[in-house]
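Trainee: These are the residues of each chain, in order.
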Amino acid sequence: MLGGGILKGMAVTARNFVGSYFIQERMTTIQYPEERAPLPENYRNFPFLVFDGDDAHAGLRCVACQICEKECPPQCIYIVKSKDKKPDFVGKPQLYPATFDIDISVCMSCQICVEVCPFDAIKMDKVFELSRRERFDALLMQKAELAKSNEYYHQIHPTEATDVDAGLAAAAAAAAAKKKAVASPAPPTPPSNPNPA
Amino acid sequence: MTATLHELHEAPPRAMTSRLEGELLEVSLGPQHPSTHGVFRMNVALDGEIVRKLKPVFGYLHRNHEQIAESTSYLGSMPYTDRLDYFCSMTNNWAYALSVEKLAGIEVPERAEYLRVILAELTRLQNHVSLLGFLLSDMGAWGTPLMYAFREREKILGLLESLSGSRMMCDYMRFGGCRVDAGDDWISHAKKVVADFPRFLGEFEKLILENEIVINRTQEVGKLSAELAINAGLTGPILRASGVNYDLRKIDGYGFYPRFKFRVPLGDHGDCYDRLMMRALEMRESLNILKQAFDQLPGGPIMNPKVKIRAFKPPAGEAYGRIEGPKGELGFYLISDGAATPYRYRVRPPSFINLTVLEDMCLGHTVADVMVILGSIDIVMGEVDR
Amino acid sequence: MVSPEQIKARAETAVPGAKIEIIANGSPANQPSLLIDREHARTVVQFLRDDPALQLDFCSNVTGVDWLDRTATTKVKVKTLVDGEEKEIEQAQVETLPGYLEAVYHLYSMALKHGPVIVRIRTADRANAVHLPSLTPLYRSAEFQEREIYDLYGIRFDGHPDLRRILMWDEFVDHPMRKDYVPPDDFEYEPTPHDEVLARAKEHYTVRPSSDGAETLTAQA
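Chains as they are written, first to last, in this note's numbering: chain A, 114 to 310; chain B, 242 to 627; chain C, 2 to 222.
Careful, some of the hints might be misleading.
[Said to hold, decoys possible] With a Cα cut of at most 25 Å, we get these calculated DSS-like pairs of lysine-lysine:
{"#": "1", "chain 1": "B", "residue 1": "Lys502", "chain 2": "C", "residue 2": "Lys114"}
{"#": "2", "chain 1": "B", "residue 1": "Lys447", "chain 2": "A", "residue 2": "Lys121"}
{"#": "3", "chain 1": "A", "residue 1": "Lys183", "chain 2": "A", "residue 2": "Lys261"}
{"#": "4", "chain 1": "B", "residue 1": "Lys491", "chain 2": "B", "residue 2": "Lys502"}
{"#": "5", "chain 1": "A", "residue 1": "Lys183", "chain 2": "B", "residue 2": "Lys549"}
{"#": "6", "chain 1": "B", "residue 1": "Lys491", "chain 2": "C", "residue 2": "Lys114"}
{"#": "7", "chain 1": "A", "residue 1": "Lys183", "chain 2": "B", "residue 2": "Lys554"}
{"#": "8", "chain 1": "A", "residue 1": "Lys291", "chain 2": "A", "residue 2": "Lys205"}
{"#": "9", "chain 1": "A", "residue 1": "Lys183", "chain 2": "C", "residue 2": "Lys180"}
{"#": "10", "chain 1": "B", "residue 1": "Lys491", "chain 2": "B", "residue 2": "Lys532"}
{"#": "11", "chain 1": "B", "residue 1": "Lys554", "chain 2": "C", "residue 2": "Lys180"}
{"#": "12", "chain 1": "B", "residue 1": "Lys547", "chain 2": "A", "residue 2": "Lys183"}
The hints are simulated quantities; they were obtained by calculation from the structure and are not laboratory data.
Only chain A is shown next, with the shape it has when bound in the complex (with noise of 0.2 Å):
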C-alpha cells in the first residue's frame, strides 16, 4: 500500500511523543542549570596539583620536575623551579615550583601529565564551568587555582585518591623503614632521578 510505510512511522513517532511525557526512558532532556546530570567517577577535564594538609604551599605534592611540562602534547604547562627546598611527604626536602601555569585555552585535557607524573601531584579536576569574559590572561590557571587540596580528591574521585594514599603511605612507610636501618644520619638520598635531562 503506497503510505503504508509512512503511516508506520508516524505511528512511531507518535509512540515517541507520548512516551516522552511517561517513560523514564524516553525522557531524555534536563533543565540544565537547574537539574545536573551525575558526573561519572572518571570524568576528566582539566589538571590540578594536589596539596597534603591545609597549607597549600607547604603540602603540595609537585617538586617541579618539569615531566609533564616536557610529556604535555600541546605544550599548555609553564613550570619554573624554586630556588630553595622544602621538605615533601617523606620529610626530604625537594624543589617546588614557584611558576606553576596551565593555559587552558590549550589544554587538551588528555591527562598525559597525570600518566607521565611519578609523584601523583598533578590530578584531572572534573570543573567544567569555567567560562570567562577575556580569552587570555583569564584562561591561564596559575598555582593559587591549581592547588587543591587532597580532600577534594577524594570527593571527586574516589576509589582514585584511595589507591594513590594507599601507594604514598607505603611510599613513606618504606623510606621511614630505610631511615631507620640505615641508622646512621646519612643525608637521604633523592629519590628516582626526579629531574631527567
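Position chains B and C against the provided structure of chain A, taking the given hints into account.
Mentor: Same frame as chain A, now just chains B and C:
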C-alpha cells in the same frame, strides 16, 4: 537481503527533470552548509537542476596533523588521533595503537583486546546510528530521526564517558593495552545498554526503511559499481553496499575478531538505499559481537607491563597497521628511525579516500541528491582535512 | 601469499629492463617493500595489478616520505707511507648521500585477499627532478592521495589528470611536510611567553592586548 524491499518498491529510475537549454551554472555548495557535515565545499556546475560537474574543495580544517605528530612523542599523538574522526575516537586510538604495536612488536593482554573490541563495536553503533540520523536530516526529515538517533547515541557516549572520562575525546588506548579497567558496574551497565539497543533499532527501522519518501530519495540514487569501488579504494560499508565482500575484521582478523561469529552484510545495488541498509544491518552484527564479547570477557591485566610510558622508542623500521573503522579502512603508516618521535606518520583517512568517487556518483543527479549521496558516504571533516 | 622475492622475479621477467630492489624492514612488522625504478614503475605496477597470481586490485594507502641529504661516515683502511714505512691507517670517509622524495604505495588484493605489497618509487633529488609517474591511471584511489603528496611534499606526478593543491590554498608556495620546511613567522598571543616564544613575542607585540574590562564588572557583582 535488501532485495525484498527493492522488489516491493520496484520502480523505474526516477525521471530526470527536463533540461534547461543554456550554459552551465556554477554553484559553490558549502563550506558553511548544514548538509556538508562540516566545512566541506563542492564546486558544482549545473544544467538546470542536473549536476554536470562536481569538484570537491578540501582544506578548511587542515591543521597538518601529520606534521604535529612528527614533532611530538609517540604517546603524544594519541590524544590528537581522537580529533581525526571525532565521532569514533576509540577506533582511531585502536588503529594508531595497533600500528605502533606492530612497529615495536608489542603484545596486548587478552582482556585489553576484548575491551578494545567492545569499545570499537560500541563506537560503530553510535557512529552508524548518528549517520542514519544525519542522512535523514539531509533528506529533509529535519530533527526528529536525528534526535531519536542522538538519544541512543548519548547512552553509548555515557558509557564511553564513564569508562574513559570523556564522551568524544576518549584517549583511552595505550601501546600494549588500555588505560582504565572496566569495573563490574560498567560491564553490567554496558550489557543493559546493548540489550536495550535492538528495541530502538527495530523502531528506527520501522520509522525509515519502509518510508516511501526515503525509498524514493535513495533507491537508484548514486549508484556505484563494484569495479569502480574497488579501483577507487573505497572501504567500509560503502564498498560492501556495492557487493564487495571485504571486511578487515574478517580479512586481517586483528584483535580477537576471529573468535566471534558475525556476518558481513552485502548490498547488491550499490545505491544510497543499500548504503543506508548496510549501516542498519551492521549495527545488528555489532550487537551480536558485543554480546559474545561480554560473555567471553576474561579477567587479568589490561596493560603490557613491559611498555614504557615515557621515552618510548620503537626500533628503526616501518609498519602499516589498519583496522575496519566505522567509516572504512583506517590505517596508520609509521616510519621510525629509532628516535622518540616518528620519522614519518601517515594517516590513511577512509572518509577522504571515499570522497574520490563523489563526482562519479553525483553526475546526472539533481542538487538535492548530491546531499543524500554525500550523506551516505559518511564523512567527518576532521578526518578528511586532518 | 607470494614472497617479495617471487614478485620481484616475476615482475622482472614480465617487464624487461625493470630494476626492482627489495628494501628490508627492520621492525617486527616484517613488511619489506619493493623499490621500482621510475621509468618502469607504471608498467610494473600494472603487471602487479593484472597478474592473475597477484591481482593487487586495491591500492590502499599512498604517501610521500622526505629523505634529507645525509652524511654517512665510513671507516676505511688506507695504506699510506708514514715515516718511510707503509702502514694501514683507519680513515673516516665522509660521504654525502643525496636526499630524495619517495612515494609509497600499499597494494592489497581484494580478490585474493592478500597483501600488503609495498611499492616505493623515488625521485632523483629533492630540488628539481621531483617527477614521478602517476599511478592514478591504474588506481583511482591514488587520485586525491597523489594530489596530497604533491601539495605537502612537492612531488610532481606525470600523467595525473588533475594535479592541483588539495589541502593548502592555491597561492601557497612551499610544501609543508618537507623536513626542511620553515613555518612562517606569524605569532599568536600567548599569556605565558617564555624562552624562544618570549623572544618572538617581543618582536611581534609591544603591549599585551588589554581586556575589555568586563571581568572587573563580573568581579564586582
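Trainee: Decide if the proposed pair is consistent with the structure: Lys447 (chain B) and Lys121 (chain A), CA atoms, cutoff 25 Å inclusive.
Mentor: 7 Å, holds
Trainee: Starting from Lys502 (chain B), check that the Cα of Lys114 (chain C) is at most 25 Å away, please.
Mentor: 20 Å, holds
Trainee: Has the given pair, Lys183 (chain A) with Lys554 (chain B), been kept, meaning a C-alpha gap of at most 25 Å?
Mentor: Distance of about 16 Å is within 25 Å: holds.
Trainee: Sort out whether Lys180 (chain C) lies within 25 Å of Lys554 (chain B), counting only the CA atoms.
Mentor: Status holds; Cα separation ~20 Å.
Trainee: For the pair supplied as a hint, Lys183 (chain A) and Lys261 (chain A), is the alpha-carbon distance within the 25 Å limit?
Mentor: 23 Å, holds
Trainee: For the pair supplied as a hint, Lys183 (chain A) and Lys180 (chain C), is the alpha-carbon distance within the 25 Å limit?
Mentor: 22 Å, holds
Trainee: Hint check: Lys491 (chain B) vs Lys114 (chain C), CA-CA at most 25 Å. Holds or violated?
Mentor: Holds. Lys491 (chain B) to Lys114 (chain C) sits at ~10 Å (cutoff 25 Å).
Trainee: Hey, Lys547 (chain B) versus Lys183 (chain A), does the alpha-carbon distance stay inside 25 Å?
Mentor: 22 Å, holds
Trainee: Can you confirm whether the C-alpha distance between Lys291 (chain A) and Lys205 (chain A) stays at or below 25 Å?
Mentor: Since the Cα atoms of Lys291 (chain A) and Lys205 (chain A) sit roughly 13 Å apart, the hinted pair holds (cutoff 25 Å).
Trainee: Need the status of pair Lys491 (chain B), Lys502 (chain B): alpha-carbon distance at most 25 Å?
Mentor: 10 Å, holds
Trainee: Please verify whether Lys183 (chain A) and Lys549 (chain B) have alpha carbons no more than 25 Å apart.
Mentor: Holds, at about 16 Å.
Trainee: Decide if the proposed pair is consistent with the structure: Lys491 (chain B) and Lys532 (chain B), CA atoms, cutoff 25 Å inclusive.
Mentor: 18 Å, holds
Checked against the numbered hints above, the structure violates none of them.
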